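J.: Chains as they are written, first to last, in my numbering: chain A, 95 to 495; chain B, 95 to 495.
I should point out that these hints are in silico values taken from the structure, not numbers from a laboratory.
Among these hints, one or two may not hold up.
Given that identical chains are not distinguished, each listed pair holds provided it fits within a single copy or across any two copies.
Think about it this way: if two alpha-carbon atoms lie no more than 20 Å apart in a straight line, the pair counts; the simulated SDA-like pairs of lysine to any residue are [unchecked claim]:
(1) Lys258 to Asp134
(2) Lys459 to Gly255
(3) Lys110 to His421
(4) Lys207 to Asp487
(5) Lys304 to Asp463
(6) Lys133 to Asp389
(7) Lys207 to Gln358
(8) Lys110 to His120
Quick caveat: nothing in here was measured; it's all calculated off a predicted structure.
Listed below, chain by chain, are the residues.
Protein chains: 2
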Amino acid sequence: SALQRYREQMRTELDKVVDFWQKYSHDTQYGGFFTCIGKDGKIYDELKYVWLQGRQVWMYCRLYRTMERFNKPEILEAAKSGGAFLRRFARIPNSGSPWKCAFCLTRDGKALKVQRTIFSECFYVMAMDELARVTGDKDMQAEAAQMMDQLVHWVRVDPSGLGKPQLSGDTPVCSMAVPMMLLCLVQQLTEARSGEEVDKYREVGGWCVKQILQHLQRGGTAILESVSSEGKELPGCEGRLQNPGHALEAGWFLLQYGLENGDQELQRTAVDKFMEIPFLTGWDKEHGGLLYFLDVDGYCPTQLEWSMKLWWPHCEALIAYLMAYSHTKEPALLDRFSQVYDYTFSHFSDAENGEWFGYLTQQGKVTLDFKGGPFKGFFHVPRCLYMCEKILDSILNKQET
Amino acid sequence: SALQRYREQMRTELDKVVDFWQKYSHDTQYGGFFTCIGKDGKIYDELKYVWLQGRQVWMYCRLYRTMERFNKPEILEAAKSGGAFLRRFARIPNSGSPWKCAFCLTRDGKALKVQRTIFSECFYVMAMDELARVTGDKDMQAEAAQMMDQLVHWVRVDPSGLGKPQLSGDTPVCSMAVPMMLLCLVQQLTEARSGEEVDKYREVGGWCVKQILQHLQRGGTAILESVSSEGKELPGCEGRLQNPGHALEAGWFLLQYGLENGDQELQRTAVDKFMEIPFLTGWDKEHGGLLYFLDVDGYCPTQLEWSMKLWWPHCEALIAYLMAYSHTKEPALLDRFSQVYDYTFSHFSDAENGEWFGYLTQQGKVTLDFKGGPFKGFFHVPRCLYMCEKILDSILNKQET
């Protein structure tokens, strides 16, 4: 059947992607991972981006822990090496907070850049918690929990520790990325656990969902990337910005949360709004594929890359539509999945050297030909393939029984 | 003759561009200029970017002061309004330095973003000094001089006032933009002046030229955008980055400096290296136009926009080749100018609504269709047209006499 073909493809592709990163990304001298990797595996830059270090540790551990064929010592060893590198070097001493992480490190772990946002720290939490699940290291788990407390404090209480100067015109803006990341961490930290700490995280999770839903604007017809702290539309380009891939990712986060909590209304909103709207507005009817940014009023976005096709929105779309189909069994959602699948595998996947290209022109031509870069690591592609394989397993297993 | 046709085109186009910005960009309510202006003149965002405010003040004043047909009260009034807005709102109180400027302001002048670089301040100096030349305001000229002192201090003595945290892996990097901007300011502040202050600036100018020349690397075969503080090539992507438009702009800065100081060797280096190399490496032989970024070893740059064609490198190329031709009379340089001219006027200039588009795909299709944005204001296009008209005047006047 079509579903079996999809599963076979996801499985084969995941094996190839894991092979690629195992073969080329490990820094056996200093630990951690190279992520600037050319189309045929050549390292073209040795900098180590903390987001991508954390994501690779997380992904290796998740594969090791939940997929039998990846439960291999070399996967665990690579994850541990990355975790040790992060633990030793990612946090910046004397930055005003003991928990502020760098954005970028030199090959040997010296801090090179720091962002005034929370994302390096988020991927640090993901990495440490998942690694602690695999190794049973309680100290590491506690460290993830402490970092999480700091993150929640920055987001909900006082952002001044992030180091941004207070400016009179800089009114608070709610970016959808922030509650999405925190919700992702809540799911990470609560999975198969219980107790007081988990109750605390569940409260954070509920808050994140409310925050994400504020981005559904204009009478439920648009998902806007940034809104005011009162949940209203912001003026100008910033207020009108749509990021279809991000909305789709939020869609499957919300659907998952709605399923775990038996919230049917949330499940419907996730599918009918966060998955449907970005397709209607973001799918390029002429050339296929999802556009990167759009202005809700049809102005041209100011982001130079707005019309490019990036790999990760397509990864998120595949997860979203397959997850939605598996729970609703609505054929239209499987059609959506198929449409994205066809575009994705014919444009991004590299049959010759393995892994995926990340950046295409609007017309679908590869325009940045590396497999890994400052923002593309071992994360969106394998997470997509892993989740799709799991979902297809579950659909096909139910059909068989 | 061809030169006469070029001059006619530059003149007509400059008139149209000035009209466009006079018609659409003036904020008569709060002062200053809108710069986010759609293809047909519509304001799509009210934010005020300090770089662009300063550049527009400078350009209006320069036109007013040096071109008879722009010596009109409405041009002066617009410049004064922009200058007053900048003076009142651009500098950030309580930022650690009395001279730190914001990067972006709200429509009514509240600071929204601040960069940890020197460029907002540089355009502030340009604006204030040129406006002082027109109005005779000595306080304003003194303010420009004080800001210049602060800039030189940040660049040559101590950058800590810029607000960047000190990180162990963040070794000093020399970006070509910094000495280029300072050299531009030196030329601004010394024009037709003399005295102690001017001698001080001349020393800075000499230092800037030496710094810029350090970017000529690999035995004189490549212009690299960033080098180490010892003038050596840096590792990785950062070290290999080439920005052809920037090299061309540096080329005409150096040529102008070499001419003013009777330095023939510098003149030759400007033409043979800073103008020749970026053309050989940066001109797209398949689609025409100058690529935005390149890696000197042929890797793919990590900048998503690397293969796009932006308006400003073409503006700088037109100035560079025409200036070089006017001094050397080498026909090959006029051919270069013609080649860039043909591409530029057939791709960027908008005959329908005036002004230029700024952003094309590699294939030459307009992909961001606004006339002004966060980084495109009343500067590169009118400066190019103004300078080309002046240079063509000088060539043609010599021919006639």
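J.: Could you tell me which of the hints above the structure violates, numbers in ascending order?
T.: 1, 2, 3, 4, 5 and 7
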